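> Read off the chains here:
2 protein chains.
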Amino acid sequence: MDDIKGIRTLVLSESDPMRLREQVRHYFHQTYTIDEKLYESLADDAAFYLRADPLRHPLVFYLGHTAVFYINKLIIGRVLSQRLNPSFESMFAVGVDEMSWDDLNEANYNWPPIPEVRRYRDLVRARVDALISELPLDETGITWASPWWAIVMGIEHQRIHLETSSVLIRQLPLSRVRQLEFWKLCEDRGEAPQNELLPVKGGTVRLGRDDSDPLYGWDNEYGSASYEVEGFKASRHLVSNLEFHEFIQDGGYQKQEYWTQEGWAWKTFQQAELPRFWIRDAEGSLRLRCMASEIPLPWNWPVEVNYLEAMAFCNWKAARTGRPIRLPSEEEWYRLRDLHLDSDQPWWTKAPGNINLEHFCSSCPVDRFAFGEFYDIIGNVWQWTETPIHPFPGFKIHPIYDDFSVPTFDGRHNLIKGGSWISTGNEALRNSRYAFRRHFYQHAGFRYVESAAELTIHDEPYESDPALLPWCDANWGESPLGRPNFALTLLEALQPWLPSGKGRKALHLGCKTGRSTFELARHFDQVIGLDFTARLIRIATAMKEKGFIRYLRNDEGELQSHIEQRLQDFGLQETADRVEFWQADVSNLVEKFSGYDFILAENAVEGAINPLRFLEQIHTRLVPGGILAIADGYDFKDETTLPEHRVGGFRKDGEPYTCLEGLQDILGNHFELLAEPQELLQTLRQGGRRYELKKLQLTLWKKKT
Amino acid sequence: MDDIKGIRTLVLSESDPMRLREQVRHYFHQTYTIDEKLYESLADDAAFYLRADPLRHPLVFYLGHTAVFYINKLIIGRVLSQRLNPSFESMFAVGVDEMSWDDLNEANYNWPPIPEVRRYRDLVRARVDALISELPLDETGITWASPWWAIVMGIEHQRIHLETSSVLIRQLPLSRVRQLEFWKLCEDRGEAPQNELLPVKGGTVRLGRDDSDPLYGWDNEYGSASYEVEGFKASRHLVSNLEFHEFIQDGGYQKQEYWTQEGWAWKTFQQAELPRFWIRDAEGSLRLRCMASEIPLPWNWPVEVNYLEAMAFCNWKAARTGRPIRLPSEEEWYRLRDLHLDSDQPWWTKAPGNINLEHFCSSCPVDRFAFGEFYDIIGNVWQWTETPIHPFPGFKIHPIYDDFSVPTFDGRHNLIKGGSWISTGNEALRNSRYAFRRHFYQHAGFRYVESAAELTIHDEPYESDPALLPWCDANWGESPLGRPNFALTLLEALQPWLPSGKGRKALHLGCKTGRSTFELARHFDQVIGLDFTARLIRIATAMKEKGFIRYLRNDEGELQSHIEQRLQDFGLQETADRVEFWQADVSNLVEKFSGYDFILAENAVEGAINPLRFLEQIHTRLVPGGILAIADGYDFKDETTLPEHRVGGFRKDGEPYTCLEGLQDILGNHFELLAEPQELLQTLRQGGRRYELKKLQLTLWKKKT
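As they're listed, the protein sequences go chains C and P.
So for the first sequence, the numbering used here puts the first residue at 200; every next one is plus one.
So for the second sequence, the numbering used here puts the first residue at 200; every next one is plus one.
Rather than coming from a laboratory, the hints here were simulated on the basis of the structure.
Worth double-checking, as some hints may not be accurate.
Any copy, or any two copies together, can satisfy a pair, since identical chains are not distinguished.
[As the list claims (entries may be wrong)] Derived DSSO-like pairs: lysine-lysine, alpha-carbon spacing no greater than 30 Å straight-line:
1. K851 with K836
2. K745 with K595
3. K204 with K851
4. K836 with K894
5. K432 with K466
6. K902 with K745
7. K851 with K595
Remember, it's a predicted structure, so these values are computed and weren't measured experimentally.
Pulled out of the complex, with its shape left as it was, chain C reads as follows (with noise of 0.2 Å):
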């Protein structure tokens, strides 16, 4: 049974079919062999229905849920189109994971009996093995859109639970689970070694996948980011449940000092004195409890903690030694990982730590695995990071299972690296990326590290205001009801007036995200946006900046996709130096903003404060000669424009008196009318299937010399 243990995980480049197909259906069974393995650790059925954590899923769930998995993906990814058991499909679809620690689920479920799971379960195998053999499979392997894609994420969905559901057992009375040989303890323990602060000489880190890595990954390790990481300390090893007890010693839990607010506020909800599995016994002797056994603690292992207690114990630790002691961030962890390893789980002979089940089945002292001065660069147990996880530039969301990694992208759930004894599959992997919630407990410690450089926070948060939504999609999104891009349809109106020559300067006003300012920038040599709102100015500023930009679109009623626009994708990367942007009050310009050759004018008008002084101001920002355009819906509304400030739209003298007719009586003195007034269709999307379609008129406005 031994061979189940110390699998690696699929090499999808492969270019036999055969022979891939049948590499597939050995990971698959040996996958939902060891899942079943672990269940044996249950002393009874009955303690499938227990509720090891009340933020939770009994395990009974999870049983249903690795096999339920398999076909709702294959189901959505239109491989299949019948469903086994539509109740089970649902009953068993979605898990509690990412609840608060204050938040009990008292939802009532009510589970069916353990032989009617399993009998599902293998329902579920033959049928995924079926399809093993019959799915299409060709010399180019598997690839993130090909319908194996479903099954090999099956697989991977169920080795993560292999792991998670380890720990749910671990916090199952020891009365209900049994010790199994397969699972077998490392024996080992014993005095912890003293641990000391090396050095880790600065370099450049580069994350990520891009489309062509053979090996699966989960849709948040794809994109690329690269980091400069500076020289840095880091521990030798693992902190060890020794190390950790000084901490305790030292009234660690007592004291509010060491505690970030979210740490102290946890410490008190659920009254912690010591780390989740360590026990004081009876006779005031630390027992530590493993998946299903209890032991003494042993010193030399390392420490399982969460997030939380890791900072508290840096934070006593810098406060004791006065240097600024904290976690790594997860560009230290990678730092660390490749001056020290050069090898990843498909590929090495015998795994270099106590990681992917090839050594022990619990943790093992943190001087037992050497990599150079380091130990434990891998393996043992999880370290957590300061990194909350966050996409790298180029992500995106796989469509089969949207939900995975986007829940997780709030600055709340923070990265854990280098894998456990029970780490398998991806989770072995150099690149694989999981975070929790920073109260989890998993098989995780840490290790930590000195260094004064300020720790940088990659968040490019998806944009979810929904005031702003609507421009981002106007000015990035795919073009809309088969229109062209407005920004398209109006530099095309454009183009016959645009200025040529070297050393030429445009000013767009109400440039909202800025595409048009872009698109202007092919024209120019520099181009300055402006607009009223600063939330709209940063998304402009950031595609500038970081050449991407992200936001949600909303599709049907809550639903949204995840949306990455990126420059160069508009052919428009060579543009991001000849742009700035700067919040302004177009009422109320400040001079600098001068001596223009073009100024576009796009829904400014409209969106002004004093539309009137505006248009009367404007020729003192134009060069003799320069054009001006005005592309506007002149849609006023009365919390933005005083009725008296409007430039039309209403009964001037008796008669209807039109916004064109204001601009002509406005501009008249200063500025020439250049061609008849063109009317161009805008779209904002407001919902999936609702749309704002604005009717802008262009007029075009030369200065007289």
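Chain C is fixed; fit chain P onto it per the hints.
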């Protein structure tokens, strides 16, 4: 000089262009001249600046206004492109005619000197005269759309102000006016005759003009209406000063019970004790203020009062006699005229009454001009009616004077009929229709009638509710943005699925203002349109019953157009008998709406309080094999539909769940889905330059047999 009195309005169908040109020139100059003759009644130029009526401009305004009006209308009509004096043409553009009696105009105007205004008048006179020489004219004469219409409109406008300025002069202090021989009063003053009620036979009256009418008319005179008038009794004479004096002596001005609420409020505010032009002198004798003289009150002249006083008199008379005494309706006035007069001003040899300046420059005795048994059917003073002015079916706004009539269609402007001694031009015609606020003074009095017939108010006002206008426009408006009307798009998509054969019944849910209901009725023997919004049903029902609806269309800013849509213009008049409209909640349909061959649900799912229940039950309303068509944007609103009643657009079992999936799950038991869903675009006008565009999904379902 006397040849400028008694001039007749133009017969515009004159087919000799040379002749017509000279007739226009003659009419124009005579009008200009008599207008100036009127102002000679002012003692000096300073009198032009006195505010005769606190609610209206001083006479200097009207001196300028009647000239400015020609230029402004010629410019709007694009006959002229150059202004003569932009400042005058703004300052003299808008009168202050329609204010409430307690809303004093406090604006400060910087009126120019009278000689300047007179010079401007001369300039205009010369310019218009030149135009009369220059403008092309052919044998079709002058029609509504001709550039000449602006000139004739200017002349008729000046003739209206001839009368209204004569009323303002009548309100100036006696010391500031002079009695000219030209404006000589009637000298016949004496005993008043005893009034009595005489029977008037009922019959049909036909009101309105069509485009072929050879006389100038204001826009409110066009269209056509036909009414059956029941027999009634009418007073032989207009109410004389003596007859009204009985009311006063009986304490009429002190007894609230005779007054309408509006009347009593006016009386109280004005502290009115006598008709406006009556004066009680130091000796207690009653005197009458005429235009430029004061004379002992002639008891046999008609009393001049506003509507509110006339109504109080009628109520007093009714109370005293126990009879249903009231003012006549517009139709009753026409009935009386048609029975007693068959000529009209352009064709009579001598005015049959004291009208058109053909007899006196004041009122005359109420028994001077007989029309059969009655007197003063036309002329002497205007006669107040019970009827608020309203547009006839077929009414169109004249584009160069779009606010002549529409602001008076508010139910607060009552028609006056018959003309006064100074009513000339269009004012003296059978078809002319003038209306004033009920507290206003003109040279107006009244005749009373006795009738138990209920008064019909012919108000089909312009729908102005912003929540309803988009649906009026979407159903009946011109094709937006070059797209076909949505009802036509929808019906075309439904065409292959409409059952054929006799006796078929359809149900239209979410019928709004009914367009698709009527369109469906081309294919069915009966179509019921249901909507939750009763105000929409009211509009649909008006279209069925009256054959037309009216609504405002938002143009730019505050500018709106007045739209009338007629069923016959859509070729739908023959369907009117086959449609019915009811208010109903689709989530809770009453039993009687059953047994249909076809059900169209148009925006009905998204608009339902409980779409789930609606869809679960809808199969019970169809015959076996019947078709259900759903065109919907699934755009559920929180204020209407609770989340738990929605059909999709959320995550279910962790996966995105679209509304189409929801429909399939809900309807699947009873229906089979026909064909692929189609996407149709529905456009809702929200403003002149702003639309809401909805992408509706059309699905077709056949009820299982």
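> Of all the hints given earlier, name the ones this structure violates by number, lowest first.
Structure breaks hints 3, 6.
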